[in-house]
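Student: Top to bottom, those sequences are chains A and B.
Residue 915 in my numbering sits at position 915 of the first sequence, with consecutive numbering throughout.
Residue 677 in my numbering sits at position 677 of the second sequence, with consecutive numbering throughout.
Hints are computed from structural coordinates only; laboratory data are not their basis.
The reader is advised that the hints may include incorrect statements.
Copies of the same chain are indistinguishable here, so a pair counts whether it falls within one copy or spans any two.
List of simulated lysine-lysine pairs, DSBU-like, C-alpha gap at most 30 Å [as the list claims (entries may be wrong)]: (1) Lys522 / Lys598; (2) Lys153 / Lys627; (3) Lys390 / Lys430; (4) Lys796 / Lys528; (5) Lys488 / Lys154; (6) Lys712 / Lys488; (7) Lys695 / Lys489; (8) Lys488 / Lys695; (9) Lys154 / Lys321; (10) Lys18 / Lys365; (11) Lys616 / Lys165; (12) Lys627 / Lys496; (13) Lys101 / Lys21; (14) Lys390 / Lys517; (15) Lys162 / Lys616; (16) Lys392 / Lys621; (17) Lys392 / Lys616; (18) Lys709 / Lys598; (19) Lys616 / Lys154; (20) Lys615 / Lys598.
There are 2 protein chains.
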Amino acid sequence: MSKTMTKKRIYLFSEGNKDMKDLLGGKGANLAEMTSMGFPVPPGFTVTTEVCNEYYANDRKLPEGFGDELREAMKDIENKKNQVFGGSENTLLVSVRSGAKFSMPGMMDTILNLGLNTETVKAMIKKTNNPRFVFDAYRRFIMMFSDVVMDVKKHIYEHEFKALKARLGLKEDYDVPAEELEKLCTLFKEIFKKNTGRDFPEDVYEQLTLSVEAVFRSWNNERAIIYRNREHIDHNLGTAVNVQSMVFGNMGEQSGTGVAFTRNSQTGENVVTGEFLFNAQGEDVVAGIRTPLDISEMEKSHPELYKQFLDISGKLEKHYKDMQDMEFTIEEGKLYMLQTRNAKRTAMASVKIAVDMVHEGLITKEEAVNRVSPDQIDMLLHPYFPVSEKKKAIESGKLIAKGINASPGAACGIAIFEAADAIKAKEEGKSVILTRPETTPDDAGGMNASVGILTSTGGSTSHAALVARGWGIPCIVGCEALSMDTEKKQFSVGNKTFKEGDWLSIDGATGEVFEGKIPAIKPDELMKEAQELLSWADDIRRLGVYANADNPRDAQRARNFGAHGIGLCRTEHMFMESDRLPVVQKMILVAGDAERFKRQLTRLEEELAAADESKKANIEKSIEHVKAEMAEPWATYTDCLAKLAPMQKGDFYGILKAMEGFWVIIRLLDPPLHEFLPNRDETMEEVITLRITGKNPERLKEQEALLEKINKLHEFNPMLGLRVCRLGIVYPSLYRMQVRALFEAACQLVKEGVDAKPEIMIPGVGHVNEMKTLRKMVDEVGHKVMDEQGVKVNYKVGTMCELPRACTVAGKLANPAEGAQFFSFGTNDLTQTTFGYSRDDAAGTFIPVYVETGILPVDPFQALDREGVGRLMTMAVTDGRNSYSDLEVGICGEHGGEPSSIEFCHLLGLNYVSCSPFRVPIARLAAAHAKLRNEDDRFKSGHSTK
Amino acid sequence: MSKTMTKKRIYLFSEGNKDMKDLLGGKGANLAEMTSMGFPVPPGFTVTTEVCNEYYANDRKLPEGFGDELREAMKDIENKKNQVFGGSENTLLVSVRSGAKFSMPGMMDTILNLGLNTETVKAMIKKTNNPRFVFDAYRRFIMMFSDVVMDVKKHIYEHEFKALKARLGLKEDYDVPAEELEKLCTLFKEIFKKNTGRDFPEDVYEQLTLSVEAVFRSWNNERAIIYRNREHIDHNLGTAVNVQSMVFGNMGEQSGTGVAFTRNSQTGENVVTGEFLFNAQGEDVVAGIRTPLDISEMEKSHPELYKQFLDISGKLEKHYKDMQDMEFTIEEGKLYMLQTRNAKRTAMASVKIAVDMVHEGLITKEEAVNRVSPDQIDMLLHPYFPVSEKKKAIESGKLIAKGINASPGAACGIAIFEAADAIKAKEEGKSVILTRPETTPDDAGGMNASVGILTSTGGSTSHAALVARGWGIPCIVGCEALSMDTEKKQFSVGNKTFKEGDWLSIDGATGEVFEGKIPAIKPDELMKEAQELLSWADDIRRLGVYANADNPRDAQRARNFGAHGIGLCRTEHMFMESDRLPVVQKMILVAGDAERFKRQLTRLEEELAAADESKKANIEKSIEHVKAEMAEPWATYTDCLAKLAPMQKGDFYGILKAMEGFWVIIRLLDPPLHEFLPNRDETMEEVITLRITGKNPERLKEQEALLEKINKLHEFNPMLGLRVCRLGIVYPSLYRMQVRALFEAACQLVKEGVDAKPEIMIPGVGHVNEMKTLRKMVDEVGHKVMDEQGVKVNYKVGTMCELPRACTVAGKLANPAEGAQFFSFGTNDLTQTTFGYSRDDAAGTFIPVYVETGILPVDPFQALDREGVGRLMTMAVTDGRNSYSDLEVGICGEHGGEPSSIEFCHLLGLNYVSCSPFRVPIARLAAAHAKLRNEDDRFKSGHSTK
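Generate the whole structure from the sequences, applying the supplied hints.
Tutor: Here it is as structure tokens:
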């Protein structure tokens with residue numbers, strides 16, 4: 001025959017194996033594997049995905065000669081089952097199921113009981129002596145075939161069935177007697193004819209061929225296309241079709257059906273778990289009409305079958321080297337395996353199973369590490385709602401809204417609308433969900449007093465989100481469905497209103513907001529299996545893992561989670577503390593004048609030195625004038641700095657001590673100074689009010705002066721304003737104070753025998769002259785302090801690489817002698833300027849629209865944009881290391897804790913990633929994955945990254 | 001002698017020439033050239049700059065053998081003059097002057113009358129019979145030598161001379177009799193001894209050697225170093241020393257001195273101009289004690305000398321091929337040339353001379369084009385204060401402050417503090433200088449009514465600066481010395497206060513603010529020589545020159561100035577016009593809701609199509625719900641758009657018609673929508689006031705609702721917010737309206753037989769999906785309109801390249817079929833995001849400090865930053881053209897009119913630069929310079945660029 005020339009289009013289950021998923025789909029490949037292993041699989045075969053593609057290429061026609069191959073394959077089933085397809089005795093029924101390479105649950109179609117017609121129905125009745133069973137099967141077949149093959153919708157048939165039950169006064173399907181079902185089948189065939197213009201096919205091969213084609217067509221139904229788009233599955237893969245002889249679990253008490261796992265999918269315990277039902281079909285288990293039994297019950301009722309099942313289960317797991325999720329059917333006392341696949345499991349089970357399997361000698365440590373996703377490690381670190389409780393809440397309509405999942409973890413508490421109230425409520429022993437339109441630094445105290453944070457505006461990098469993630473507090477932001485009314489202390493959603501004190505439950509991992517209480521379960525610490533797994537990950541990874549921490553407590557926590565350094569210690573949070581904020585504010589209000597006069601003075605003194613005799617007198621007069629003008633602001637300014645210095649020293653002392661022996665990267669002051677000032681809108685409101693009312697003229701004068709200063713410092717685009725190292729150039733005394741405090745702290749520690757290792761990070765450098773100027777300042781101040789103290793401190797100076805321009809001139813910036821000794825990518829800001837997106841604004845406005853409409857594949861503030869931002873980073877690393885081969889390069893943006901971004905950092909050859917303490921374990925695992933995936937073919941398609 | 005082995009250290013004037021400036025300095029090279037040409041130059045020689053460098057390399061010692069060479073060179077002068085240096089008869093006196101490669105006026109030192117001592121004084125008296133003259137010369141020599149060589153300051157001597165005159169009751173130096181001067185010389189020598197511990201040197205060679213060394217040392221005095229730093233002159237060049245025999249113009253009525261130009265340096269007229277004085281020295285001309293005579297007077301008094309001088313002058317100009325600035329002295333009836341150099345001249349003279357010289361056959365057109373700087377062309381386009389008037393104003397202390405020179409031109413008018421008042425004042429026929437802290441779009445009317453604009457804040461790209469440059473109105477911004485009080489309508493500076501109606505004069509080219517009136521002169525149009533010169537420039541340049549214009553009037557003006565296209569037509573200005581602003585505001589207030597519901601509807605409809613039967617009913621219910629909610633905002637939204645459409649069509653019709661035959665690049669809406677809304681602060685103030693007073697509750701409710709909307713649209717960093725093409729994605733109907741209006745206008749013109757050529761520019765693209773989505777929209781709408789109208793329009797679609805990310809993905813963006821057909825660099829925004837600087841904020845805060853302290857060489861918003869921004873542009877051009885070799889690339893940022901930036905665009909191979917209409921002539925010239933300088937060695941060190 002000519003077929004020998006063409007590719008094999010149909011594989012009997014006995015001909016395939018588990019590695020043929022591309023050709024046979026997932027289900028087909030596993031059925032073949034089980035068949036080859038000698039397990040009892042009802043005979044069948046798989047039509048390959050290539051036939052599906054041929055079908056489409058061939059203008060939706062099955063290829064020539066396919067009919068013959070189909071008959072040949074059916075012949076094989078007939079032989080194995082000793083049955084005849086369409087036969088009037090021992091009639092063979094089959095199922096036709098789709099089966100693509102990647103699981104697309106419910107997206108494509110299935111037809112059961114195929115092979116029934118007027119003749120075979122009789123044969124079946126004769127054989128089973130159960131006409132109700134046979135007509136019920138026939139009824140279902142006609143309906144499924146109509147729906148799937150001829151697009152005559154199910155509900156038309158269901159409507160008739162319901163009408164029948166009503167007429168008979170019956171409630172349950174199984175109460176309908178056989179003769180009524182027989183009549184119903186006749187009616188169904190009439191409906192079919194009316195809708196399609198043709199008789200319901202009696203020819204079983206016609207039934208089969210039309211069904212195979214229908215499954216192929218279902219690959220491109222609208223739902224399937226939408227699903228694949230969403231899951232990024234290639235539309236050209238095609239689906240396979242599995243044709244398998246039917247077995248029936250509903251043929252009496254010696255029949256049954258069930259699903260089982262080789263281990264406990266909730267806890268990971270090494271024991272088979274599952275459920276089964278006697279005299280039932282798979283549908284019945286799913287429909288939940290009858291309560292299934294625990295699989296262990298089978299041991300009592302059918303010890304032999306149970307033993308056989310356990311044996312198969314054990315062998316399957318060993319064979320697949322992973323926990324299996326199996327479906328089986330018992331037909332009149334005989335066990336059939338219908339499906340096996342790697343089982344879904346909880347985070348906890350995932351970790352335990354991976355580690356156990358290593359100890360059992362089943363898999364390697366690398367494989368174990370690869371099996372667990374960073375998200376699962378993340379889950380283990382946060383409180384969570386038990387699956388069952390959450391399901392219950394959703395089913396009872398308690399899910400009121402969904403926002404942006406800003407910080408994972410579950411929390412349950414009463415709604416409180418003001419930070420101050422949150423503190424009070426906490427003192428009264430209450431659990432608080434701080435519920436606000438947004439948060440500001442002023443709310444820090446209240447946030448710290450809350451078990452969860454919920455905002456109606458802002459994105460995943462808004463203030464609330466950043467702080468919550470840093471502190472490990474569950475948080476949902478940008479929950480726009482909530483209409484907040486802070487004055488009335490309430491919010492509404494739909495037609496419901498929630499007031500202060502009402503209970504809310506939020507799941508920060510999913511963004512779900514529930515009304516009422518769902519108790520959250522909090523894991524005490526990382527379970528021991530997770531710790532073991534992470535230690536293996538540490539052996540694998542090449543990237544270092546640091547943490548971002550601004551105080552000794554966070555530093556200690558980071559160390560406990562396995563961080564080997566601090567990649568970002570922000571000094572601005574230190575300025576916000578309530579005892580120093582007044583000093584900071586006073587300082588800011590005079591800093592501009594003080595430093596401006598100082599610059600004038602310096603310039604005049606230079607001019608004086610260079611001047612003609614004739615001009616000197618004039619210049620000297622100007623100098624006197626400037627000196628007089630600067631006296632007051634300068635005194636106030638330096639006095640404030642002098643007060644802040646010892647506090648800063650204390651801050652640095654604490655954190656350097658907590659991280660003894662590890663490098664601590666301390667960033668000099670970064671945000672625009674007006675962030676430390678009183679709120680502009682509020683000050684304005686007070687001024688206007690005081691002006692109108694005429695009350696308290698003294699306060700008015702004060703506040704007017706304050707408002708004028710605030711307005712002077714006000715910026716249209718503070719993100720692009722007077723901040724980062726620009727502060728150090730415009731207000732040099734401020735940076736000098738910080739550097740001096742840092743060296744004084746380090747010197748004191750060295751004297752105390754503590755190995756303090758500070759790295760001074762200059763934020764936002766864009767021009768090499770900024771770097772040179774501030775490097776020189778740090779070295780000067782540092783050497784002065786070390787000389788005074790008589791000790792040496794091991795320190796480095798570097799820059800935060802967070803501007804596109806820094807990336808373009810990285811070759812100049814990197815310079816061990818007078819430039820940067822290290823780079824740390826500040827990818828939050830770098831993403832902002834590369835895209836021209838403000839985190840604060842974009843997250844709530846256009847980024848959601850962009851992601852929804854597919855303009856952006858993903859929010860670039862969540863996963864690092866390799867194409868754009870990544871290209872600039874590559875440029876910076878390449879040029880920087882060309883200039884200075886030992887340049888240390890890391891990342892300290894939010895991306896440092898995100899797996900796909902971590903992989904990119906690995907590929908870029910960075911030295912380390914730095915993330916919030918709570919994400920350190922995640923980063924350790926993701927860094928190992930990055931190494932495995934990119935340096936070992938076996939792990940190419942690993943977990944977790946896009 | 002061993003000298004033959006070393007380099008030649010001293011060049012006689014007869015040995016050098018004008019091309020040896022590196023070695024002999026400018027002055028020495030020109031003295032040598034004139035000597036070689038046979039003109040009467042007092043004999044002398046030049047010690048090379050190499051000796052200066054040897055001197056420094058040799059630890060500040062003159063090289064070995066130098067003394068012998070010096071004596072040999074002096075011998076040559078002695079022979080030529082028939083005098084003896086230090087001789088007791090026919091004694092030779094010399095001057096010792098510095099002379100570097102680049103002129104450093106007044107920075108280094110000069111010693112005259114060197115060679116006088118006790119003996120030679122006697123010889124001089126004997127020869128001149130004029131002891132007063134000789135002792136006066138001796139007095140001066142002692143003083144200069146003390147000051148320059150021994151650092152005994154001049155003023156000590158001057159003090160004694162003053163005391164002497166006081167004792168004698170005399171006022172003028174020349175009234176002091178010889179015997180008193182003789183005594184004074186003795187006193188001076190005593191002072192010298194007291195201060196230096198040694199006798200004043202009698203040995204003339206000691207005098208000479210010490211003086212040469214002193215001139216070398218003066219190269220590194222503080223003033224000279226500061227000057228070189230400021231002018232970017234290499235510190236390693238060193239200075240030459242010119243030793244020249246003295247001639248005296250003060251030896252009686254047959255002696256004299258003068259300066260002259262070969263042409264008129266004010267007008268460029270081809271006639272010798274200059275001034276001279278009989279019986280005087282150069283100093284006397286400079287000191288202004290006596291009024292010099294016009295050089296033409298010489299013809300009457302000394303026709304022979306005058307003829308000789310004219311002959312020399314003509315020959316020098318022909319020889320140097322440029323207007324010369326000459327110094328001469330007449331000693332007892334004999335003419336000596338002391339200096340010649342290329343003359344400084346006004347802009348007008350520069351252009352006229354360059355063009356005349358081409359017609360005279362003296363220089364080529366290329367040379368003429370190269371001789372004129374873009375700044376000079378700029379000067380010709382703007383009103384200016386006559387030099388003399390400005391000088392007078394400065395001398396009388398009328399210069400009250402200096403700000404940033406934001407838009408060139410001089411203006412004189414009364415100070416007005418509010419835009420509305422400016423309009424009124426103009427209507428009353430007054431000239432107005434609009435004087436404000438800053439300007440906003442609301443002030444546009446008032447700005448248009450003003451002859452000049454002066455702001456106390458903001459930088460060179462602030463609103464005031466941008467608008468003023470666009471409209472060609474003289475403008476000074478960021479004049480921080482002025483304390484504005486808009487409430488009182490006054491400002492103060494120092495201890496002066498200026499009120500509404502006070503006269504001010506501002507020079508936008510220099511940033512100078514004067515009190516009182518200085519009448520400005522306004523050129524009618526570009527003088528005909530300039531037009532001729534620019535036509536030559538057009539023949540030379542490769543870069544096209546387009547203009548930025550938003551309306552037909554500006555487009556026509558641009559065309560008149562020689563623009564061959566519109567590189568940027570902003571559509572937002574059209575939205576601001578008073579007749580449409582209310583419609584625009586109404587539209588904005590509903591746009592967000594309308595489009596959000598529309599997206600929800602689309603999503604639901606998709607879901608419906610993909611849904612299970614079972615879920616359809618629910619989805620249909622949601623659809624009804626959304627439809628109900630969107631009805632009102634959608635109706636308002638589309639109604640507003642429908643009202644705006646014909647207005648937009650009119651805008652586009654006008655500009656496309658004005659630019660018939662040329663491409664017009666129209667940018668779709670760019671700024672964040674809240675820019676069109678009422679001012680937030682003012683609305684807030686009204687709301688607070690209404691709340692407190694309780695008056696007008698209806699208005700309160702209205703304004704509260706408005707404020708809520710404004711707050712919702714408010715952004716923390718609008719520059720990085722919902723703007724540019726993001727508007728087109730989030731508010732698709734808005735962009736569709738613009739595109740439809742554009743195509744309707746173009747179709748109508750085509751029907752009228754007008755060659756309309758629109759290019760649609762999508763602003764702020766950062767991701768290829770933005771480009772693809774909007775390109776598709778433009779093509780769809782365009783084809784629809786063209787089908788409706790039945791005509792074809794020649795159009796292109798492209799993007800404004802203004803984000804770093806756009807540069808990194810330019811290879812994907814450039815795509816003739818579904819991406820960008822052209823790029824236009826928006827370097828204002830690209831500079832903002834590359835540096836992370838907000839124009840609005842940085843200009844007034846840290847950029848001035850950065851430029852002052854040398855962190856930045858120049859404000860990157862003024863001259864394009866080649867290192868950072870330029871690297872990204874290079875990437876974009878390279879990748880873009882790799883994808884699509886015919887990609888059209890231009891620039892439309894402010895840099896498009898700045899010469900150094902234009903040169904960079906030429907080097908990058910851009911197709912065109914686009915700038916404001918008033919800068920088109922400048923760009924035409926600068927583009928020619930860029931070509932000449934980079935493709936022809938003769939023009940390497942041309943005019944105008946840094």
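Student: Does each hint hold? Answer for all of them.
Tutor: We went through each hint and held it up to the structure:
For the identical chains of this complex, Lys522 and Lys598 are neighbours neither inside a copy (56 Å) nor across copies (42 Å), given an alpha-carbon limit of 30 Å. Taking the closest pair of Cα atoms, Lys153 and Lys627 come within 30 Å of each other only across two copies (28 Å); inside a single copy the shortest separation is 91 Å, beyond that limit. In this assembly of identical chains, the alpha carbons of Lys390 and Lys430 lie at most 30 Å apart only when taken from the same copy (22 Å versus 76 Å across copies). Proximity of Lys796 to Lys528 under the C-alpha cut-off of 30 Å is found in neither arrangement, the shortest distances being 37 Å within a copy and 64 Å between copies.
When the C-alpha separation of Lys488 and Lys154 is checked against a cutoff of 30 Å, the pair qualifies neither within a copy, at 51 Å, nor between copies, at 82 Å. Taking the closest pair of Cα atoms, Lys712 and Lys488 come within 30 Å of each other only across two copies (19 Å); inside a single copy the shortest separation is 34 Å, beyond that limit. In the homo-oligomer, the alpha carbons of Lys695 and Lys489 lie at most 30 Å apart both inside one protomer (29 Å) and across protomers (27 Å), since each shortest distance falls under that limit. For the homomeric pair Lys488 and Lys695, the shortest alpha-carbon distances inside one copy (27 Å) and between copies (23 Å) are both at most 30 Å.
Taking the shortest alpha-carbon separations for Lys154 and Lys321, neither the intra-copy value of 41 Å nor the inter-copy value of 98 Å comes in at or below 30 Å. With identical chains, the CA atoms of Lys18 and Lys365 are at most 30 Å apart within one copy only, with a shortest distance of 23 Å there and 81 Å across copies. Proximity of Lys616 and Lys165 under a CA criterion of 30 Å is satisfied inter-copy only: 25 Å between copies versus 112 Å inside one chain copy. Taking the closest pair of Cα atoms, Lys627 and Lys496 come within 30 Å of each other only across two copies (21 Å); inside a single copy the shortest separation is 65 Å, beyond that limit.
Within a single copy, Lys101 and Lys21 get their C-alpha atoms as close as 5 Å, which meets the 30 Å cut-off; across copies the closest is 80 Å, which misses it. Taking CA atoms no more than 30 Å apart as the test, Lys390 paired with Lys517 passes inside one copy only; the shortest distance there is 10 Å, against 81 Å between copies. For the homomeric pair Lys162 and Lys616, the shortest alpha-carbon distance between copies (20 Å) is at most 30 Å, but the shortest distance inside one copy (108 Å) is not. Proximity of Lys392 and Lys621 under a CA criterion of 30 Å is satisfied inter-copy only: 25 Å between copies versus 82 Å inside one chain copy.
With identical chains, the CA atoms of Lys392 and Lys616 are at most 30 Å apart between copies only, with a shortest distance of 24 Å across copies and 87 Å within one. In this assembly of identical chains, the alpha carbons of Lys709 and Lys598 lie at most 30 Å apart only when taken from the same copy (19 Å versus 44 Å across copies). Proximity of Lys616 to Lys154 under the C-alpha cut-off of 30 Å is restricted to the inter-copy arrangement: shortest distance 14 Å between copies versus 101 Å within a copy. Within a single copy, Lys615 and Lys598 get their C-alpha atoms as close as 21 Å, which meets the 30 Å cut-off; across copies the closest is 72 Å, which misses it.
Consistency with the previously given hints fails for numbers 1, 4, 5, 9, ordered from lowest to highest.
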